[in-house]
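Got chain A; can you put chain B on it based on the hints?
2 protein chains.
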Amino acid sequence: MLNVEIITIGDELLIGQVIDTNSAWMATELNKVGLDVRYKTTVGDNEADILDAFDRAFSRASIILVTGGIGPTKDDITQKTLCKYFDTRLVFDETILQTIENVFAGLSKTLNELTRRQAYVPEKAVVIQNQMGTAPITWFERAGKILVSMPGVPYEMKWAMTTEIIPRLQEYFTISDAIRHQTFWVKNYTESLLAMCLEEFENELPAHIKLAYLPTSGLIRLRLTGRSADAESLAFEMAGQREKLLALLDGNVVSENEESPELILDKILKQNGLTLSVAESCTGGKLASLFTAIPGCSQYFKGGVVSYSNDAKSDILNVNLWDINQYGAVSCEVAEQMVRGAQNIFHSDCAIATTGIAGPDGGTPEKPVGTVWIAVAYRDLIVSRKFQFSKNRENNILRACNNGLAILMELLQD
Amino acid sequence: MLNVEIITIGDELLIGQVIDTNSAWMATELNKVGLDVRYKTTVGDNEADILDAFDRAFSRASIILVTGGIGPTKDDITQKTLCKYFDTRLVFDETILQTIENVFAGLSKTLNELTRRQAYVPEKAVVIQNQMGTAPITWFERAGKILVSMPGVPYEMKWAMTTEIIPRLQEYFTISDAIRHQTFWVKNYTESLLAMCLEEFENELPAHIKLAYLPTSGLIRLRLTGRSADAESLAFEMAGQREKLLALLDGNVVSENEESPELILDKILKQNGLTLSVAESCTGGKLASLFTAIPGCSQYFKGGVVSYSNDAKSDILNVNLWDINQYGAVSCEVAEQMVRGAQNIFHSDCAIATTGIAGPDGGTPEKPVGTVWIAVAYRDLIVSRKFQFSKNRENNILRACNNGLAILMELLQD
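Protein chains in written order, with the numbering used here: chain A, 43 to 456; chain B, 43 to 456.
Next comes chain A alone, as it looks inside the complex:
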């Protein structure tokens, strides 16, 4: 079986100033073509540690994907270290200089000496032109194993993986195993309650099909992963297991889509020509940002109001101040008036409103930290629910967002 190891290089990853979002994305893309990431290693900009990581990786993986450390600055030593490891030297590559100059022209910047240095690449490497930036992508082969070095800049890495590296890997290796994933978004369960209810099911699973629990804030994502050389029979088996699971979960599966709730709604809203707006108190803009991160969302997303003060709730969303004083800002009445307010001022078919005590402060005996009211409207329909989340602010914000999305999914799927 082909093992993949991802090696991320950079002091910034070890002193904690950069969060590695790359490797998760890479793993997802590799999975789609039947490749498994088995190890992830992070080392600093330190020659000995990088060489050691290379050795280790070649001893246990067939595909080694290296990100980072190839910028123009002095602290980036990956290129030099690659030369040392593969016993080669840096040579000047005219075509790369061309690409770099084109990229810079596109960004209307001036090419400088330091950037020009990026046109020097390891002689033994197959060089892949980087169309998104200046750092060259290099492909090394050793004893039937492949090491690829690419930039750590996320959108450069994503471009390189999608358009160049994955296709070349598929060409180079015959990927025999088929991988099938089946995701289930489950509501109304805690992780441990769900695990109890599925214990028997899990024990009866064949060895080549695995069940994973992925608690996202507010919903639990279950994932069945099967792998086999026989894609057809695997598909058949997976379908059977899916049926079993759906029966056990009995109506609590919000979606079977692999994608995030907001991406699922993105499709539903577009398909049905519906528009959406949000009114956010405790989620503070997070809910809007989930949709506006999606290209083309302006087709249905009209906008949102972050009403962090009572004045804002009444002035902009026309929430009745008397009700705010009577029932409190965190109440069914206010949540429902917020969602109607959003629908009205944005003229949208659907709306989601959140109001709650995110914490860590602001809790009361009647309304402790984690108390959240969510109201969701679809045309005249309106659903509002009270939730009691955690003591953690970040967690409460995410759970409020995901539950708002889940309620809208239910409304639109009925």
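No wet-lab data here; the hints were simulated from the structure. Be aware that a few hints might be false.
The list cannot tell twin chains apart, which means a pair is met if one copy fits it or any two copies do.
The calculated lysine to any residue pairs, modelled on SDA-like cross-linking and capped at a C-alpha distance of 25 Å, are [stated by the list, open to error]:
#1 Lys187 to Asp91
#2 Lys187 to Ala90
#3 Lys116 to Lys187
#4 Lys74 to Ile217
#5 Lys286 to Glu155
#6 Lys122 to Asn245
#7 Lys122 to Glu233
#8 Lys116 to Leu276
#9 Lys116 to Pro248
#10 Lys126 to Arg98
#11 Lys116 to Leu291
#12 Lys122 to Val133
#13 Lys229 to Gly293
#14 Lys200 to Leu256
#15 Lys433 to Ala335
#16 Lys433 to Tyr197
#17 Lys166 to Trp181
#18 Lys187 to Glu155
#19 Lys409 to Asn144
#20 Lys252 to Asn88
Only chain B this time, still in chain A's reference frame:
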């Protein structure tokens, strides 16, 4: 020198369904007390790979911090594997059951069989009570080296690290080296231009002081890191290097605060009793969410409008529709009317407005993808600037946010 290795365990990390934000946070906290993370390793819920990672870590690190794989579900095998590695067995711990029951009482959930199982812990381990969840934290000692296993749930891990693990590590080890960090937020430079301008400075740095480039979207974060057994002379040296650097960067340092721009502004706004609101088009709620993620922001953050449509811009923010048609939604005129609109409807001292073409679509020859207008207001003062960012949506959103924050910092610091 004491090396720290972080081992994160979980299939979800290898199939890319969870992004590891823990290790970056851990590294930052460890740095503060003079501990360096030198290696990060991720393996799946696979006994052989976990044992192998433990062996490797003990061979090269003195402190091994393990997160994940200790949940109540079947796919979590870290506890069992720890027993195998340290040649011990799981025993029932009454006090842990108590803690778990208390936690659950606090969350008004019902304790179930599977959760009760979490009260079984490795006999040889020192057990640390987890006050935030049900998964026990275990501390192992071998030949003067320490391995600690903790939950992967971020807020449980953060609680454990801050209140228990780091203090115990400081007690157990005599941490001789002092580490000093000095951060500089730099505007108006590309990474490579900055590197050229600082090349000489960097070459002249003593071996125990390093310069790192941390390009965050929109601003470049420079970090001087010095380490030495002699804290006093190090502080003196660092001060000298800081002076040199400030002279070289000549007015382009937006802040020297270690923290993120929004946290820096959080303090400035609170100290000066100023209020803030936002009007977001291309940043789509992201800017608001940066502030509302900060506990206590309601003290100054009044709210925001995500005006994703022209109607919203005119209806809610009172932007002149004629101007939108005349100059376009992405224009200085509209940005400035948006920022004034936010100030007015939220009655705030300060406001930030963004309008741009985030991409990937929607660009024109005159206004290509990445064109963004940002307007920032402080009382009567108003500053608006045009930016040309990248072709990448995510990147453009973040750069627009950070540049908006940077402009407000300048305004408030003058």
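Practice item. Mind listing which of the numbered hints don't hold for this structure, in increasing order? Key: 3, 18
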